[in-house]
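Peer 1: So you can see what is in the structure, the chains are spelled out below.
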Amino acid sequence: SQQGEEDPQALSIQEGENATMNCSYKTSINNLQWYRQNSGRGLVHLILIRSNEREKHSGRLRVTLDTSKKSSSLLITASRAADTASYFCAPADRGSTLGRLYFGRGTQLTVWP
Amino acid sequence: EPEVTQTPSHQVTQMGQEVILRCVPISNHLYFYWYRQILGQKVEFLVSFYNNEISEKSEIFDDQFSVERPDGSNFTLKIRSTKLEDSAMYFCASRRGLAGTTTDTQYFGPGTRLTVL
Numbered sequence: 813s814q815q816g817e818e819d820p821q822a823l824s825i826q827e828g829e830n831a832t833m834n835c836s837y838k839t840s841i842n843n844l845q846w847y848r849q850n851s852g853r854g855l856v857h858l859i860l861i862r863s864n865e866r867e868k869h870s871g872r873l874r875v876t877l878d879t880s881k882k883s884s885s886l887l888i889t890a891s892r893a894a895d896t897a898s899y900f901c902a903p904a905d906r907g908s909t910l911g912r913l914y915f916g917r918g919t920q921l922t923v924w925p
Numbered sequence: 002e003p004e005v006t007q008t009p010s011h012q013v014t015q016m017g018q019e020v021i022l023r024c025v026p027i028s029n030h031l032y033f034y035w036y037r038q039i040l041g042q043k044v045e046f047l048v049s050f051y052n053n054e055i056s057e058k059s060e061i062f063d064d065q066f067s068v069e070r071p072d073g074s075n076f077t078l079k080i081r082s083t084k085l086e087d088s089a090m091y092f093c094a095s096r097r098g099l100a101g102t103t104t105d106t107q108y109f110g111p112g113t114r115l116t117v118l
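These protein sequences, in sequence, are chains A and B.
What the first sequence shows, in the numbering used here, is residues 813 to 925, in sequence order.
What the second sequence shows, in the numbering used here, is residues 2 to 118, in sequence order.
If you're looking for bench data, these hints aren't it; they were derived computationally from the structure.
Among these hints, one or two may not hold up.
Said to hold, decoys possible - Partner residues aside, some chain B positions facing chain A, computed with beta carbon under 10 Å:
hint	residue
1	65
2	66
3	94
4	106
5	111
Built from N, CA and C at the ideal position, the CB exists for glycine as well.
Take the sequences, apply the hints, and build the full model.
Peer 2: Structure representation (C-alpha cells):
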C-alpha cells in the first residue's frame, strides 16, 4: 500500500532546537500532506506539497519533497514545548482521484522546556 | 476558518448495539471520508464518499458499516452491531475536490471516541 513511513519513530529535543522528521513512500503521488496529532486528539493539517514542488514554507515549518527518492522531510525551526505531538505524513496516490490518505506510525516529537 | 465538526465526542455502547457517528463536513466540500484509529495504532482509512455514493472502501469497511449523507450538511457512519474491536477514535474528513484531482487539502474533524463494552 502507499502508506508514508516516518523516521525517526521518536525524537526528543530542547526548546529552541530544530526538529527534522523524514517520510518515505512507495509509489507516485499527486501530493503529500503533513499532519500533527496531539495525544488523543484530532489530526491537524500542517502543510501540503504537490508533486511538482520541491520545497514549501509555512511559518516555522519547512517541507521538502524529492520525488526521485520518494521522500519528504518536515523541519520545525525554533521548536517550542507546544510542538510536542505526533507528526504524520500522508501521501496521496497519483493513480487515484479519490484522495484516500495512507498514514504511517508517525514520529513522536517531544520538546523539553 | 471553516472546520469539520463531529458529534458526539465520546460514545459508549454495549456490544451488539448500533451506533451512528455524525459529522458535518466543510460546507463547499465534495469528498468525504471516514478513518479510524485504534488506540496506539495507525490511522486507517475506512471509506470515501463522493456524489452521494461510496467511491472507495477498505477491507475494514464490511457489511456492518454504512455511510449516509441524509441532507446537505451531515455525513454519518453507522455501525450496525458493534464489536469490542470497533473501539477506536473515528475521524471524519472532507476536501473540496478541485477539478477531480487530489491536489487539495483534506481536513479532519476532532474525532469521536467509541468505546464498546
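Peer 1: Regarding the hint that residue 66 of chain B lies at the interface with chain A, is the smallest CB-CB distance below 10 Å?
Peer 2: With a minimum Cβ separation of about 16 Å from chain A (threshold 10 Å), the hint on residue 66 of chain B is violated.
Peer 1: Using 10 Å as the Cβ threshold, decide whether residue 106 of chain B counts as touching chain A.
Peer 2: holds (5 Å)
Peer 1: Was the hint right that residue 65 of chain B lines chain A, CB cutoff 10 Å?
Peer 2: Violated - the Cβ of residue 65 of chain B stays beyond 10 Å from chain A, reaching only about 20 Å at its closest.
Peer 1: Let's test the interface hint: is any C-beta of chain A closer than 10 Å to that of residue 111 of chain B?
Peer 2: holds (4 Å)
Peer 1: Measuring from the C-beta of residue 94 of chain B to each C-beta in chain A, is the shortest one below 10 Å?
Peer 2: holds (8 Å)
Hints 1, 2 from the earlier list are contradicted by this structure; the remaining hints agree with it.
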